[in-house]
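Each chain, written out:
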Amino acid sequence: MALDPVLTAVGVALIVPISLFLGVIYSFLLRKITARLQWRVGPMVQMYSDLAPILGRSRILQPLYDVLKLFGKETLVPDVPHKGLFKAAPYLSLAFAVLAVFFIPFPGLPLLSAVPYSMIIASYLIIAAVMFTIIGPAASGSPWGAIGARREAELFLIAELAFVVSLFSVAYAQGTLTLWNLAIDVGRPLNFVLFAMAGVLMFLAMLGKLHIKPFDIPEAETEIVAGPYTEYSGKYLGMFFLTRVFLFYGLVGLFVAAFLPPLSSSLLWLPVYAAAAVLLVFLLSAIHTLSPRYRIDTALVSYSKLVIALGIASFAVALVLRLVV
Amino acid sequence: MSAPARILRKVIRKYSRPMTLSYPSTAMGEKRYSQIPPKLRGIPERDLEKCIGCKACYYVCSGRATTPVMVDGKLVMQINLSRCTFCGHCEEACPEEAIKMTPRFELAVRDKTRPEMFVETTLDMAVCACCGRPFIAQKQLKRSFERLNEKIDKSVRDEVAADFRKVEQYCPECKRARSVGLDTHTKKHVWVEGA
Amino acid sequence: MGLGIMDKARIYSPWVYHLHCGGCNGCDIEILAALAPRFDAERFGIQLVGSPRHADILLATGCVPKQFIPMLKRVYSQVPEPKVVIAIGGCACGGSLFYEEEPENYAILGSADLAIPVDVYVPGCAAKPEQIVNGIVQGILKLAEKKRGVKTEPVVVGPPPKEGERVPAPAPAPAPSAAPGSNST
Amino acid sequence: MAAVQPPSPSPSPSPSPSRPSDLMEWIKSEVVPEGLEFRMGNENRVFVRVKPEDVDMLAERFIRKYGVRIIHVTGVDLGIPGSDIVYLYDFSKQRERLVIALEANVPPERPEVPSVARVTWQASWAEREMMEFLGVTALNAPDTRHQFLPFEWPQPAESQTKQQASTVMKPAPGAGAVPGEEKWLPVGIRDAYSSLIPIGPYHPGVIEGQIVQVKVEGESVVDADIKTGFHHRGIQRLIERRGYNKGVFTAERVCGICSGAHGLAYVTAVENLYGAEVPERARYIRTLLVELNRVHSHLLWLGVVSDVIGFKTGFMLTWGIRERIMDIIEEITGNRVNYGIWRLGGVSRDVSQELAQRVRSIVKGVGDEAKPLLLDVAAHPVLRSRLVGVGRLSYAQAFNGGAVGPVARASNWKIDVRMDNPPHAVYDPAKISWEVITEDGCDTMARTLVRVRELFVSIGIIDQCLDYLSKTTGEVRIKPREIPKNAEGIGLNEAPRGELAYYIRAGEGNLPQAVRIRTPSYRNNALIPFMLIGSNLADVPVIMGSTDQCLACTDRFEVIDTKTERICRLTWDDLVCLSRKSSGGA
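Protein chains in written order, with our numbering: chain A, 1 to 325; chain B, 326 to 520; chain C, 521 to 705; chain D, 706 to 1291.
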């Protein structure tokens, strides 16, 4: 499909606020559903009437307020030799996250996902965004930062494996590497078996990337103070949180585009897209509520066994689909 | 069914309705505001009429949060809430039941010296006739006289009252100095005036 | 407009850091109880954070034993600037049971406001979780008044009033506009 | 691990009820044959005057022959006549409720005592505490470093061996430590291959202030050391100045979580001084409150450990259930944390029959609701993977190290103060049926199971107490009698974390001459470094939490690290790792 520059330019300009808003809603939903499953109320949608004038009417945009507050705070920078890298990491990781969002289709806005090999570019950008959350803290010079960065790297290995295997098994079955083609054609009914398996794999990858409970090992604040973000404060911390918000939107968008094909193809599918996204966030928060944190070594062992088994199975199904059918 | 599944089922069925109280706001009605038992040991309250300034609460307070303070001739029994431990020991020790622990507990102030942080009763002092120094609260003097009356049998009561009138106006030091001269002194028959 | 939102945002997401300076951890447990389901503090966006670098509100508990002083000052200096310190419990407000004057208690400094400037006092021997939530709401209001980038110079606070020493009554406070239930700003 | 291998745990004969007279014969004939001066306190407390020289010989005999446990070693400074060193031994396994206190008077000019720590490692910490505060040196003690004061402070015990002096050096200027402010931080040798992780006093995984020095290779812990002493508020000096009645409120505020246990232990110690008799109803109210304190403390601990593991839902649910228990405590005593009803000779508030009836139904509801949930949480596979086999403490280590409470019971050592020498409350099996829970898992999972099952035993006790209280009435307080001048009292109580001992010696002027508190975390903390060695860094907060250590308890006095056989190079560098000069930059 030819890329007419006008529509994509408008789309690109439009997608940043949309993705920010959706990312914030997803993180708010994650916090709210986790709280409701823990017998408490969580950030309030409708603030009490008599406290509203003081503490604000509703807290749906709570993650956004957190980020804005962090931008408003003083920033302390540790006196370490490679301060430049320490300061640059948040900017770069935010930039890559926003770039990644451009390559992920939104119902009605194909954006740059129609560019050939757009899936590879999107996955590389996501990898780069996460990579800088490793490099920055490693330069922060605090032992907690170092341990957090190392754990992030170890977790990154497995999460990345699951992410890549799931995407490419679907791409191999459909025979195309551009995300938009994947998102449009439903292909043969047999695909749903592959979509289910690769979907579970992608779900595991999302757990690892978004630091959802069983795998929030890098950020275990009760073990290593605040993990990679110990030394960051003020606007740099705000940027890391923004990266997380964009990543949340990006991964949910990628999941829907790759594994639930027709949904993100046109505007008509928007309500179904929203329902699928909310269901996905509910599943994530259920897992978040129910599982304690793995230790990094047991996490690698049990996680990788599961991921490799599923990966081989989904590739086998993809092979069968591609050759036989 | 594995343990997490059982926990999830229990959580969804039983614990999905939050038990959170709407504490700082009373918008959701009194019941969900906060449950406070009637006999909670909250902020102590001093009853002005009953307090006679006998400093029993000062001697009993283990954190010395209750202190007698002389303010321009008046005795101020002051509980400093920033150091009070709300243990209720002074409520027990007060002979006149002047201190009551109220279930009120809400207190968050920005400045430690605000009046809300101090529970005070002011009493005017009896001045010694001889050296002019305030030595005891007037109410305590009156109350101790009443207590004395209750205990003594009727026959001797007025004679004792007369003696008490003589003695009560002097502070302990002056009383000691002049006590020999007073005819209430137990060994007055021994002492011969001017010998 | 830009600054307006950031000031409002500072009210909406107060991050709390628990600064224990040597107390009997009665108040520390009540702080955790304020985050537990019954007095869920997350309704107002309050979150317990791991590192002082991320904190806005410091909940100081305990009567500052002398070995804590260097560390207490250091952690206080690392909290980014618009910050508020809330002294929770009798020990942090006035050194409750452990503070002695004439045979001076050799082990403790007294109360938290002798080491670091304190903005809100929440008395009580084991301050109730309701009081702590109330204190944090007071802290949020004080945080709103602190402008961005304005360093609060540490207010030098003298030792708690000695026995027999009359504490001067302050000027009457402006009309309280705070949340109901707390009787003073 | 310890200097001396523990004897095989002697079979604990069922303690035969003994009358004071034949008790003295038994002690004279077997335990302490030399012609020593005996004095019989109340409730089978025996105080024996001993010469300082044969203190370690006696300790050797007690430990070898009877397998007895040292409760505490403490010193009382008498001024001119030197100082009395008191060794408390728990004989309650041999004779019913027998506690023997050996007192050795040490002249001021030659303040030396042969070290008991060489015989059994249980006394090593108590001796270092004694050396630090009294200046009485224990000859060739295994470890003579400071207990509460920073390493830096002058070392009263000159007998420090050369080798130890090298391990503790002054901070080299500019080695990251801010000059002037941090001068009490020793700086040691930084090993090349392992990095040293100071889990500093401000660490979210640890509620109170303690420094754990963990030497790590990769993620596995090689060496560990604890330095606390940050919560030291000089409580014992305060009680000695304030007298017995005010002491109740000070003792109660040693620790916020187990304030009920401290109240009862202090009151038991003082009543032991003058041999009080407590009315029956007051005893039941005391049992009720100590057990309520245990229930809410164990629920609190389950919440905190599951929070440290990352299971936030466990934290929320257990603390949600705990709120109902706190409501009951608030209803009965008027305050959630410091109950304030402990008085000498009874209790200050009565529990009305109607209140007891109402509370009984609530407690039953909580018990039924908590049981299935807690067993499910304990059976959670990921949770088990984080707890099983973590922080192992074998029976020999527990016995020799002197572990107390759930930590000892999880290593299959059946000791419980409520059974051995019960405090002045109702615990004899005739009136209230309860049993001691032991597990043989020896690891964090076993400690969790011990605490969960103990919780339900306590709920059973509470139910029986409330049943008695709702049926009968009676007086709740008897006026305390005059305390004899040089009486001595030992009060023991089973706090949620273990055995809690108060030793009070009466002075003149209605003021105690000496108050010594030995809290359960004082012993359990000593074992943390043994559990940490060989574990994973992610497990350090879990292991520290598994002993349910309460620093505020421990620091009423406090604790320093332990000494392993190897020469332990215990170093820590720049103490608070967050100490970075802030360069501003908006």
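Among the hints, a few may not be true.
Stated by the list, open to error - BS3-like cross-link-like pairs, simulated, lysine-lysine; straight-line CA separation at most 30 Å:
{"#": "1", "chain 1": "B", "residue 1": "375", "chain 2": "D", "residue 2": "1076"}
{"#": "2", "chain 1": "C", "residue 1": "586", "chain 2": "A", "residue 2": "83"}
{"#": "3", "chain 1": "B", "residue 1": "380", "chain 2": "D", "residue 2": "1184"}
{"#": "4", "chain 1": "A", "residue 1": "305", "chain 2": "C", "residue 2": "666"}
{"#": "5", "chain 1": "B", "residue 1": "339", "chain 2": "D", "residue 2": "1176"}
{"#": "6", "chain 1": "D", "residue 1": "1017", "chain 2": "B", "residue 2": "335"}
{"#": "7", "chain 1": "B", "residue 1": "425", "chain 2": "D", "residue 2": "1184"}
{"#": "8", "chain 1": "B", "residue 1": "339", "chain 2": "B", "residue 2": "399"}
{"#": "9", "chain 1": "A", "residue 1": "87", "chain 2": "C", "residue 2": "666"}
{"#": "10", "chain 1": "B", "residue 1": "425", "chain 2": "B", "residue 2": "339"}
{"#": "11", "chain 1": "B", "residue 1": "339", "chain 2": "D", "residue 2": "1190"}
{"#": "12", "chain 1": "B", "residue 1": "364", "chain 2": "D", "residue 2": "1190"}
{"#": "13", "chain 1": "D", "residue 1": "1190", "chain 2": "B", "residue 2": "380"}
{"#": "14", "chain 1": "D", "residue 1": "1069", "chain 2": "D", "residue 2": "1176"}
{"#": "15", "chain 1": "A", "residue 1": "83", "chain 2": "C", "residue 2": "593"}
{"#": "16", "chain 1": "C", "residue 1": "593", "chain 2": "A", "residue 2": "87"}
{"#": "17", "chain 1": "B", "residue 1": "425", "chain 2": "B", "residue 2": "375"}
{"#": "18", "chain 1": "B", "residue 1": "364", "chain 2": "B", "residue 2": "335"}
{"#": "19", "chain 1": "B", "residue 1": "500", "chain 2": "B", "residue 2": "375"}
{"#": "20", "chain 1": "B", "residue 1": "339", "chain 2": "D", "residue 2": "1069"}
{"#": "21", "chain 1": "A", "residue 1": "235", "chain 2": "C", "residue 2": "586"}
{"#": "22", "chain 1": "C", "residue 1": "593", "chain 2": "A", "residue 2": "235"}
{"#": "23", "chain 1": "D", "residue 1": "1184", "chain 2": "B", "residue 2": "476"}
{"#": "24", "chain 1": "A", "residue 1": "235", "chain 2": "D", "residue 2": "1017"}
{"#": "25", "chain 1": "A", "residue 1": "305", "chain 2": "D", "residue 2": "1176"}
{"#": "26", "chain 1": "B", "residue 1": "364", "chain 2": "D", "residue 2": "1017"}
{"#": "27", "chain 1": "B", "residue 1": "335", "chain 2": "D", "residue 2": "756"}
{"#": "28", "chain 1": "B", "residue 1": "399", "chain 2": "B", "residue 2": "380"}
{"#": "29", "chain 1": "C", "residue 1": "528", "chain 2": "A", "residue 2": "87"}
{"#": "30", "chain 1": "B", "residue 1": "364", "chain 2": "D", "residue 2": "1176"}
{"#": "31", "chain 1": "B", "residue 1": "476", "chain 2": "B", "residue 2": "491"}
Rather than coming from a laboratory, the hints here were simulated on the basis of the structure. Source: prediction; values computed, not measured.
Tested hints:
1. 375(B) <-> 1076(D): The given pair, whose Cα atoms are some 51 Å apart, is violated under the 30 Å limit.
2. 586(C) <-> 83(A): Judged against 30 Å, a Cα distance of about 35 Å means the pair is violated.
3. 380(B) <-> 1184(D): OK: residue 380(B) and residue 1184(D) at ~22 Å, within 30 Å.
4. 305(A) <-> 666(C): Outside the cut-off at roughly 53 Å; violated.
5. 339(B) <-> 1176(D): violated (34 Å)
6. 1017(D) <-> 335(B): holds (16 Å)
7. 425(B) <-> 1184(D): Given that 30 Å is the threshold and the Cα spacing comes to 23 Å, the pair holds.
8. 339(B) <-> 399(B): Distance ~61 Å between residue 339(B) and residue 399(B) Cα, so the pair is violated.
9. 87(A) <-> 666(C): With a Cα-Cα distance of about 27 Å, the restraint between residue 87(A) and residue 666(C) holds, given a limit of 30 Å.
10. 425(B) <-> 339(B): violated (41 Å)
11. 339(B) <-> 1190(D): violated (60 Å)
12. 364(B) <-> 1190(D): violated (38 Å)
13. 1190(D) <-> 380(B): holds (28 Å)
14. 1069(D) <-> 1176(D): Given pair residue 1069(D), residue 1176(D) holds - Cα atoms ~17 Å apart, limit 30 Å.
15. 83(A) <-> 593(C): With a Cα-Cα distance of about 25 Å, the restraint between residue 83(A) and residue 593(C) holds, given a limit of 30 Å.
16. 593(C) <-> 87(A): Holds: residue 593(C) and residue 87(A) sit about 26 Å apart, inside 30 Å.
17. 425(B) <-> 375(B): Judged against 30 Å, a Cα distance of about 11 Å means the pair holds.
18. 364(B) <-> 335(B): violated (35 Å)
19. 500(B) <-> 375(B): holds (28 Å)
20. 339(B) <-> 1069(D): Holds, because 18 Å separates the two Cα atoms, which is no more than 30 Å.
21. 235(A) <-> 586(C): Not satisfied, since the Cα-Cα distance of roughly 35 Å exceeds 30 Å.
22. 593(C) <-> 235(A): Roughly 24 Å between the alpha carbons, so the hint for residue 593(C) and residue 235(A) holds.
23. 1184(D) <-> 476(B): Roughly 23 Å between the alpha carbons, so the hint for residue 1184(D) and residue 476(B) holds.
24. 235(A) <-> 1017(D): holds (28 Å)
25. 305(A) <-> 1176(D): Violated, at roughly 62 Å.
26. 364(B) <-> 1017(D): violated (34 Å)
27. 335(B) <-> 756(D): Not OK: residue 335(B) and residue 756(D) at ~65 Å, beyond 30 Å, violated.
28. 399(B) <-> 380(B): Holds - the C-alpha atoms of residue 380(B) and residue 399(B) are around 14 Å apart, at most 30 Å.
29. 528(C) <-> 87(A): holds (27 Å)
30. 364(B) <-> 1176(D): Distance of about 22 Å is within 30 Å: holds.
31. 476(B) <-> 491(B): Roughly 20 Å between the alpha carbons, so the hint for residue 476(B) and residue 491(B) holds.
The structure fails hints 1, 2, 4, 5, 8, 10, 11, 12, 18, 21, 25, 26 and 27 (numbered hints given earlier, in ascending order).
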